[in-house]
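Note that the protein sequences, when read in sequence, are chains A and B. Using the UniProt record's numbering, the letters of the first sequence correspond one by one to residues 1 to 360. Using the UniProt record's numbering, the letters of the second sequence correspond one by one to residues 1 to 382.
It should be emphasised that the hints constitute simulated quantities derived from the structure, not laboratory data. Relax, there's no trap hidden among the hints.
In the SDA-like style, the derived pairs of lysine to any residue whose C-alpha atoms are separated by at most 25 angstroms in a straight line are:
| id | chain 1 | residue 1 | chain 2 | residue 2 |
| --- | --- | --- | --- | --- |
| 1 | B | K251 | A | N346 |
| 2 | B | K258 | A | R355 |
| 3 | A | K235 | A | S222 |
What follows is each chain in one-letter form.
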Amino acid sequence: MIEGRELTKEQIVEAQQTLNAAGLAVPHWPEEYGGRGWTDLQRHIWLEELQRAGVPTPLAFNASMIGPVIAHFGTEEQKKEFLPKTANLDIWWSQGFSEPDAGSDLASLRTTAVKDGDDWVVNGQKAWTTLGQFGDWIFTLVRTDPDVKKQAGISMLLIDMTSPGLEVRPVQLIDGSYEVNEVWFDDVRVPADNLVGELNGGWTIAKFLLGNERVGVAPVGSTKRILARAKDLAKETSDGEGGTLLDDPLVRARIVELENELLALELTALRVVAHSADGEPHPASSVLKLKGTELQQAVSELMVDLAGPASVASGAGDASDLAEWARISTPTYLNLRKASIYGGSNEIQRQIISRTILGL
Amino acid sequence: MDFTYDDEQEALRDAVRGLVGKAYHDYEQRRQAVKEDPGFSEQQWARLAEMGVLGLPFAEEDGGVGAGPTEIGIVCQELGRTIAPEPFLASVVLAGGLVSAAGTPEQRAEVLGALAAGERLLAFAHDEPGRRWGASAEQVTASADGDSWSLTGVKEPVPHGARADLLVVSAALPEGGTGLFLVQPDADGVTREGYATYDGGRAAKVAFDGAAATPLGEAGLDVTASIATVQDITRVMAGNQALGAMQTLLKATTDYLKTRKQFGVTLNTFQALNFRAADMYTSLELTHSLVAWATMVIAAGDPDEVAEAAARASLQVSRGGRHVGQEAIQLHGGIAMTAEYSVGMFVAHLTALDHLLGDGNHQVRVLSTKVADYDALDPLDV
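Whole structure, please, built from the sequences with the hints as guidance.
Shown next as structure tokens:
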């Protein structure tokens, strides 16, 4: 993690189970379901410290998304069945929201579920399902009423990914990695008990889920750690002329500017989490995702520039004479272009700021 | 770290907002106030004194109120919201701050008491032609003849130097280092030429030719470090003032987008404009966070930490202030180019604040010298 390498599924599971054993995997959940009922501020500090220490943070699909949803909207049976396994990552959840024609405009989704006896029969295609190749279950938004306003005809189903007719197809990304998937549903039968909340109440759940994201949307702790590491690497990397990269005033100035913007963001995040009253996020919270992803990307770009000619050697193995951090810098930079697209693209964030805060 | 105001601080904010708003809620009032010398309203200055605002930063035994940096920051923000021209920053925070930091108990009581009462306006004569921002003096030199001191050399620009009733002057000491002196502006050997600045402010060239001067504090003592700390505090308070001005600029811009019609529709119909306003909001909130934090760092009091926090806040105020100011003019269009509309003058004032004690690039240069000495920044350490 600290070295910027990709983690295996086993490493992610091990990290979460270690945290869970110590009661630290899902501290923001209600106490009756294994949480500690922490405030946003406590959770913010916890998350920052995990990132700073290079500990893989609990899988967001489990800890931040479906766990709180089941705790809030689920039946007693669903809570009993899913919450302990969700906290402990015995079940790896995937997110079935986006579709090829429903990205930022999520409510346009077209995957359908039709009641047949005691089952729902699901047909359609989900897109951009992150780490779906590891998924055991997928929480899925489906259209259950095609005849009403598009937001009003959506429901959420919990679907076992080993169900017949469900197929996961990995999609290779620009950095060469396999991180996202297409998930196809071909007459997949889902028991009626796996509906979460009300029938046609899926949009409310989706908004609840996305509204929970005000903590942790800006990866301040990890970006800080990577920037500090960039500085260390610049300090120990020769400029080929008897000095180091950190002797270059332009490099120093660039680092100073990034550190300062990151400090401003960190303080803004503290203002937001400390003063979000009664679940209503502080107006500045929309700044976090926008600026947080921009800085995450800017630091990854700095790493490529520090790597210089060595940044080309992404395909070199351990026999290479070039430093590993330099070899993986460009794939990381390319991969992180996603950050300003997912979770509500940064243009959607600007839309939220201009409409709901500025009243434009 | 607490970013909210308590009840007393809220009350102070409301009181100052009421007083300042009454005088300058209509931009035309500000325009009239800066037309003639001294470039501000003497009556308004007297009202600020009456409210106790001019004595806020100073100890009670010196005739002040003994308020903390958060309170002073509140005043600066409120003055910034209307770009009120009264010289609180130059005279109270900066010049008064120097007397408070370096003066003898007698000097503090005499000078600060009169300043707080609105009876005596102070100015700090420090900048010298051909030199950049810093805490030391070079071209104005001090010499001693027995116990009597005199100054020679030129200071320019001196904010509100022509109107000042008493000058605080920095000067190179015979034995090295920089000392501070009190100079009566009507003393022999002092000449002043005042002028208006582009934001409606006032500055002056002040020339000393063997002018009699009284050492502030112990004679001959190098007080460069004290000057630096008072400048750092002033940087943060200038940031508070800039923050207030930026808030007004964003509000003026969004109001304009909602009402101004072109092509038969209001401007907020156009997403290209709304997105730029959203980016202004982002700059404003980031600036708010750093300024509020730096203000709290002053309360903690360690001079090195205050210096770093001031540099960081100033860097963000410079970047954010330019962004918000330039976009405010652009999104308004031609109307913001006119002298009778407020926005252009707010941008002018932000530009003046930006160059009072060091712009963004200056702060980057300062921070760059230390960037290799630490790992990651931790605001809670400060």
